[in-house]
Every structure is written in C-alpha cells, then in structure tokens.
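Chains as they are written, first to last, in UniProt numbering: chain A, 1 to 436; chain B, 1 to 436.
The set of hints was computed from the structure by calculation and includes no laboratory data. Every residue, glycine too, gets a C-beta built ideally from N, C-alpha and C. Incorrect hints may appear among the rest.
[What the hints assert, rightly or not] If you only want the chain B side, here are some residues facing chain A, beta carbon under 7 Å, derived: (1) 257; (2) 258; (3) 303.
[Unchecked claim] Listing some non-contacts, in silico: residues in chain A with all C-beta distances to chain B over 12 Å: (4) 65; (5) 124; (6) 131; (7) 314; (8) 427.
Protein chains: 2
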Amino acid sequence: MSYNGVAKQFLESQGISVGDTIRVTKEEISYEGMLLDRAEDADDKHLVLKLPSGYNVGVGIDGAEVELIQRGEKPKIELPPLEVEPDNKKQDISIISTGGTVASVIDYKTGAVHPAFTADDLLRATPELADHANIRGEAILNILSENMKPDYWIKSARSVADEITGGADGVVIAHGTDTMHYTAAALSFMLDTQVPVVITGAQRSSDRPSSDAFWNLMASVAAAKSDVAEVTVCMHATEDDSYAYLHRGTKVRKMHTSRRDTFRSINTQPIAKIQENRVKIQPNVDYKKRGEGEVELRDELEENVAFIKSYPGISGDIIDYHLDKGYRGIVLEGTGLGHCPDYLIPSVERATDSGVPVVMSSQCLYGRVNMNVYSTGRRLVSAGVISAGDMLPETAYVKLIWALGQTDKLEEVKSIMQTNLRGEMEVLSSRDYFLL
Amino acid sequence: MSYNGVAKQFLESQGISVGDTIRVTKEEISYEGMLLDRAEDADDKHLVLKLPSGYNVGVGIDGAEVELIQRGEKPKIELPPLEVEPDNKKQDISIISTGGTVASVIDYKTGAVHPAFTADDLLRATPELADHANIRGEAILNILSENMKPDYWIKSARSVADEITGGADGVVIAHGTDTMHYTAAALSFMLDTQVPVVITGAQRSSDRPSSDAFWNLMASVAAAKSDVAEVTVCMHATEDDSYAYLHRGTKVRKMHTSRRDTFRSINTQPIAKIQENRVKIQPNVDYKKRGEGEVELRDELEENVAFIKSYPGISGDIIDYHLDKGYRGIVLEGTGLGHCPDYLIPSVERATDSGVPVVMSSQCLYGRVNMNVYSTGRRLVSAGVISAGDMLPETAYVKLIWALGQTDKLEEVKSIMQTNLRGEMEVLSSRDYFLL
C-alpha cells in the first residue's frame with residue numbers, strides 16, 4: 001500500500017517519502033510528525049502523520065505547505081525481537097491475524113503499513129496489552145475478508161486449535177468485518193472449545209484518528225480471558241467508546257456498512273458487555289463456561305453448497321443449475337416465514353429426491369421460519385425442505401457446509417440442521433429481540 | 001381453503017360444516033357463533049367462530065364439546081350488490097386487492113373464505129370504511145405474494161393508474177407481506193402519481209382474533225385520503241394498536257417473519273404516523289404533496305435482471321451463467337461497503353464490457369455503499385460497477401429492472417441508477433436511522 005492519486009503527486013513533487021519526519025502547515029496551524037503510509041481505507045486527499053504524542057492526525061493536502069524535517073529510515077522487513085518476559089500470574093492469550101482493517105493496528109517504526117502482525121508488532125503498537133496478558137501472536141493470512149472462503153475457515157480453525165493445544169488460555173482472531181459473521185459461525189461449528197475464541201476487527205484503520213482497532217483488540221483480550229468458552233464476536237456496542245458487546249458467533253451479523261457498532265445479535269441478546277476490561281454477563285443469558293479438556297476440531301467441510309436469495313422474478317432454472325453442477329446442498333434465503341415462488345418447488349423436489357438437502361431461511365433476518373402457516377410453506381415441507389428455524393441465513397449456509405462435511409446421509413444432515421449445537425437455533429426465541 | 005388434519009376429522013365426526021351456527025363448550029365456558037372457514041395461516045387445532053358481537057374467536061379442539069344450533073346457508077358465489085350511495089362530501093378511495101393474508105378480511109355471510117374482494121365484500125366486512133370515504137374496490141389478482149413477479153407489477157400499476165384516471169382521490173392496494181416492499185419499489189418507479197398510493201397487508205388473517213387486517217386497512221384509507229402523493233407502505237408501527245407508520249415505498253423492508261410491526265424504514269424515517277385516522281407527518285420529512293394533473297405510467301420493464309448475494313464460497317461462474325443466459329442486468333448484494341470476492345471481478349468486467357450494467361448494494365442493509373475506501377471496491381469501480389448508494393438491495397434490483405425498461409443505453413441506465421427519483425437514495429442519509 002502507498003499513497004496514490006493527488007496525494008502521491010503531491011508527495012513526489014515535494015520529494016517526501018513515507019517515514020520522513022515533516023512539518024505540515026495549513027491555515028496557520030502546523031503539525032510535525034512522521035509521515036505514515038496510507039491505510040487501505042484512506043482517500044488520496046490527506047496525509048497521515050504520527051505526532052510525537054503518539055496520536056495520528058490526518059491533514060488535508062488542499063492548501064497545505066510541507067517542509068522536510070528529517071529523512072526517515074527505510075522500511076525494514078524484520079525488526080529485532082522484543083524481549084518480553086512471560087508473567088506466570090497472567091493468562092496466555094494468542095492473537096491470530098487473518099488481515100482486514102484491524103491488521104493495520106501497528107504503530108510502525110518506519111511509517112510503513114505492515115501486511116500482518118506478530119506478537120512483537122502488537123506489543124510495539126499497544127504496550128498496554130502486556131499489562132493484561134502474556135500475548136503471543138501469529139499472522140496466518142493477510143486478506144480482506146470479502147476474500148474469505150471455506151478453505152481459510154479450515155486454516156483458521158486449525159490455527160486456533162493449535163494455539164489452544166499449545167497452552168493458550170484464550171484466542172483472539174483479527175479479521176476483516178465484511179464476512180466476520182460467516183467465519184464466526186464456521187469456527188463455532190468446527191471447534192468444540194473449553195476456552196474463549198474471540199473474533200474482532202475494525203471499521204476504521206489505526207492510522208485514522210477515529211480508529212476502533214486498538215479499542216476492540218483490548219476488549220477482545222478481556223473477553224479471551226473471561227469465562228465464556230464459546231466462539232464469539234467482540235466489537236463496539238455503541239458509536240462511542242462506552243462499551244463493547246460480546247456476541248454469540250452463530251447469532252451475529254454485520255448490519256451497517258460503516259458504523260462502529262455494526263455487529264448486532266439477531267433474535268437473541270449479546271452474551272456480555274465489556275467495559276474497561278470487565279466482562280459483564282448479561283442477565284438471563286446461558287453460555288458455555290470455561291472448562292478443562294482438549295479442544296476438539298471437526299474441520300471437514302463440503303464447499304459445494306449454494307446460498308440463493310429468493311425474490312420476485314428469480315430464474316426458475318437457478319436450483320437446477322446448481323444441481324447440474326454437482327452442488328451437494330442448497331440454502332434458500334426465502335421471503336417472510338420461509339417461502340419462494342411456487343415455480344421453484346419442482347426443482348426443490350428434484351434436489352431432495354436426489355439426496356441434496358434444501359434448507360429454508362428468511363431474508364427478514366429477524367423472527368423464525370415457519371412453513372406450516374401458508375400453503376406455499378406446506379408444499380415446501382412436502383418437498384422435503386428443512387427449516388432453519390430462527391437461524392440467520394448466513395449461519396444456515398455455513399452450518400450446511402459443515403453438516404455435509406460430517407456425513408453424506410440426508411437424514412443425518414437433516415438431524416444436524418435441526419439440532420441446536422452452538423446456540424444457533426433456539427426453541428423459544430423472544431420476539432422482543434427486534435432491531436436492538 | 002377448508003379445515004384439514006385434526007380439525008377436519010373432528011368436524012366430520014360431528015357432522016358440522018362451515019357456516020353452521022354451533023355452540024362450543026370447553027372448560028365450562030361456551031361460545032356460540034357461526035363456524036368460519038379456516039384461513040390460510042390457521043393451524044388444524046382450532047375452530048374459528050364468528051360471535052354475535054362481531055368478534056371472531058378461536059377455540060382449541062382438544063377437550064372441546066360441540067353442539068349444532070342451526071344449519072347454515074351453503075356458500076354462494078355471488079352475493080346481491082350492496083346499495084351504498086356515494087357521498088359527495090367524502091373522498092373516493094379505490095381498494096385494489098392482489099391477494100395475501102389481508103384479502104381474507106371479509107366477514108363472510110356464509111363463513112366461507114372468499115378468494116378476493118370487491119367493494120361490496122369490503123363494506124360488508126368493515127362498514128366503518130363507509131364513514132370515512134366512498135369505497136370502491138376491485139380484485140385484480142389472488143396470489144400469495146411470494147408468487148409476485150414483474151408481470152404482476154405491471155398489472156398492478158395499470159390498475160392503479162386506471163383508478164386514478166377514473167377519479168380516485170387515493171388508492172389502497174391489499175398485498176401479501178412477503179414481497180410487499182418489492183412491489184412498493186416497483187410501483188414507486190412505474191407511477192408518477194399526484195394522489196396517494198398506499199400498500200397494506202396483514203400478518204394475521206381476519207378470522208384470527210389477533211388479526212391486523214382491518215386495522216391496517218383503516219389506517220391505509222386514512223393515508224390514501226392524506227396529502228402524501230407517493231407510493232407508500234402503511235402497516236402497524238408497534239406490536240399493539242397504538243399507531244401505524246407510513247413508509248416511503250423505496251425505503252422499506254420486511255424485517256421480521258411474524259411481528260405486526262415487521263415493516264421498517266431503512267436509512268430514513270417513516271413519512272408519517274397514523275393514529276385514529278389522523279395522519280401526522282414526521283418532523284423534518286420531505287414528501288411529495290397531493291397535486292393536480294394526470295397520473296403518469298411508465299410500465300416498461302426488463303425482467304432479465306439477476307439479483308445475486310455475495311458470500312464466502314460463492315461460485316466463480318455465477319455471473320457468467322447469467323450473462324450466458326442473456327441477462328441484461330445484474331445487482332450484487334455485496335458485503336460491507338460493497339464488496340465481493342476478487343475472483344468475481346473478471347466476470348464483472350465481462351458484463352460491463354458487453355453493456356450489461358452491474359449494480360453494487362450491501363447486504364448490511366443499513367448504511368451506504370462506498371467502493372472508494374478499500375482496494376476491492378476500487379477494482380470494482382474500475383470494472384464499471386455502479387454504486388447503489390444507500391438504496392436497499394431490493395430497491396436497487398427493482399430499479400434496475402425499471403431502468404432497463406426505459407433505455408438500453410448503458411450510460412443512461414447508469415445515470416438513472418445514480419439519480420434520486422423517488423426518495424430511494426439520499427445524498428446525506430443520517431447514520432442515526434439504525435435499527436429503528
């Protein structure tokens with residue numbers, strides 16, 4: 001990553017490089033600091049400086065004057081290892097990075113954006129972490145989360161299992177926010193863990209003054225030290241820094257393109273609030289408590305599952321297309337209580353007749369599928385369609401991929417889909433949890 | 001429709017038919033009334049009686065005793081016309097029925113569920129409507145809304161235009177709730193109206209005690225008499241009967257499978273609250289006011305538009321499949337700020353290179369697409385992808401169908417998609433409208 005567009009031209013015209021210490025003067029205000037590299041989510045109209053105070057500031061180029069104070073070091077690939085002594089009184093928390101906005105959390109010595117991070121990088125950036133836990137870290141991927149895929153879920157699950165087997169008292173996964181909830185659901189099914197596995201990310205990268213990266217990481221380390229031995233998502237609960245929510249990994253969804261509090265529990269309440277490193281379990285929430293024993297990894301997946309949204313005008317051939325391509329399962333994101341146009345029903349029958357499970361979820365997101373109310377639903381039930389209940393469509397999709405990895409027997413898949421394994425479907429989900 | 005399962009066996013064993021007046025005794029409480037036919041959304045464990053008070057009551061079969069009081073009339077296909085004198089002081093409101101749960105609103109003289117309704121049916125069921133307006137009505141379709149399709153949007157738009165041209169001061173459309181928001185968006189673009197066009201429905205049919213059908217119809221007639229000359233959705237705003245919301249047709253979505261207040265405005269606030277037949281415009285809301293002039297109908301649509309949700313593991317061939325089938329437009333429901341896996345980008349380029357517009361919306365629902373933040377987005381912009389801004393994915397899909405009906409020039413389609421025509425995209429949408 002590097003500056004582009006207007007910013008690139010501006011810097012080249014001034015002979016200034018990332019890592020240089022510069023003074024930027026604009027409207028009689030001067031800032032002096034190290035020029036940081038642009039983040040993935042930066043525009044080309046601002047320079048970002050690391051001030052001596054440690055804060056970052058973005059300055060608009062328009063009308064700004066720039067002066068070179070000191071030439072910076074060239075970015076280095078390797079930094080000398082930090083020497084941090086483990087403290088036996090503290091818990092051991094592993095941080096696994098997969099990429100995303102949060103992975104730019106580092107306070108780069110050289111101003112360069114590092115592609116991923118190690119424990120050393122993390123501790124250089126956020127020395128406060130060492131006050132709370134013995135941190136170790138590993139970068140296993142460096143992708144934007146729109147490029148996540150089932151293969152990477154497997155890689156992530158194995159890394160988490162390795163960290164836990166290696167003695168971690170909790171694991172934090174840094175992940176892009178776009179598909180964080182898909183990964184959270186996948187790891188929920190793939191791992192049977194006795195310690196917390198907490199996924200977090202950022203809606204603003206760390207070289208923007210409004211970054212939520214460090215704050216979310218701190219809250220996630222607190223969650224990873226807690227008693228909640230589930231796969232969870234930990235992110236801002238509000239637009240300010242008042243507290244974070246710890247969401248069950250199977251019941252959470254990104255609901256806003258840009259707000260910090262974008263992740264919301266659907267059809268349930270968050271497991272906990274996290275405020276100033278204290279984890280407060282919400283009233284009347286059941287959760288799996290930290291325990292002894294090995295982590296269990298069940299990482300067989302069947303990737304050939306289609307996830308199809310129903311809508312007025314949907315092609316009558318779309319299910320057949322996937323069957324003809326050899327797909328092994330289909331999740332429909334139906335309308336209302338779980339419906340699709342009646343002209344799709346013969347293809348649904350063809351699927352179930354040939355042993356391909358078809359699962360119905362609802363694009364309403366809130367509420368639960370009930371195919372016994374209207375005639376279309378009853379026809380779908382007759383055609384063998386499996387209800388996702390109050391599962392999120394995304395969770396139903398991930399669960400079917402996992403279920404088909406465990407067995408190729410249709411009846412067993414059906415049984416897995418209709419059994420609550422990781423809090424993904426509740427027999428009685430309160431109608432009160434609407435738009436919270 | 002008729003009783004089935006346990007209820008059918010029970011009635012047959014007692015020799016009782018729909019329309020008979022019966023007494024049902026259970027746990028020392030007796031109800032006497034006419035046996036109504038089962039509604040589409042009824043189970044097989046209850047009988048529904050129309051009491052002399054006019055209320056309907058559902059009585060569980062289990063442990064109930066039934067006594068025949070009077071044999072009912074056989075259902076008739078035709079009822080004699082009502083003679084209601086038009087009142088020149090009242091506004092003329094047309095009610096168009098397309099089917100759905102709300103279309104079972106009738107207080108059937110014979111107890112039979114009527115497949116659709118006329119003005120006479122409506123006034124028999126809800127004589128209060130005549131106090132508020134001169135009601136005329138027509139049933140143009142009788143479908144469950146999961147079977148709605150672009151052809152039926154055209155039929156509906158033409159009927160609305162005919163009613164307005166025929167002198168209606170406002171039009172109410174009774175519609176199933178599953179795809180009501182798709183139809184609302186379609187009519188928004190297809191009609192340029194100077195009078196209100198209000199779409200409503202029911203989450204519980206009228207022969208259930210908890211029905212919202214009549215209440216929603218009453219509120220919708222109030223909205224149809226109001227000053228809001230837009231295509232809107234009028235439904236319960238809360239779980240109780242305190243007030244209704246009038247939502248802009250392009251900014252509304254069904255968000256819960258079963259709650260009465262399932263329809264919510266997304267990225268904006270509702271235009272008005274309706275309480276006891278009074279329409280209260282919300283503070284700081286712009287809306288189109290009732291005016292003079294003809295209704296304009298632009299009902300050309302291009303049905304070959306695909307609506308594809310992006311997700312981890314999506315087939316790399318899915319866009320090519322639609323292009324090879326001759327699809328003329330593609331709407332992606334991307335992740336986050338408007339992303340998809342990078343392996344889809346070459347197919348996106350193929351689409352735009354061949355003149356097929358690709359529009360990006362966000363499955364977050366709340367917020368707005370911004371493809372200038374991350375590298376995937378910038379690659380999509382370079383590939384020619386059109387941003388849906390803060391439009392709902394469903395609205396973007398409907399709008400592209402309509403836009404391609406107006407022109408086959410890619411640049412014109414792009415311009416239409418990026419112009420705010422019916423309040424569907426706002427330059428500054430407040431981040432405060434999150435999960436309201």
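Status of each hint after checking the structure:
| no. | hint | in the structure |
| --- | --- | --- |
| 1 | 257 | holds (3 Å) |
| 2 | 258 | holds (5 Å) |
| 3 | 303 | holds (6 Å) |
| 4 | 65 | holds (27 Å) |
| 5 | 124 | holds (25 Å) |
| 6 | 131 | holds (33 Å) |
| 7 | 314 | violated (7 Å) |
| 8 | 427 | holds (16 Å) |
Violation of the numbered hints given earlier is confined to hint 7; every other hint is satisfied by the structure.
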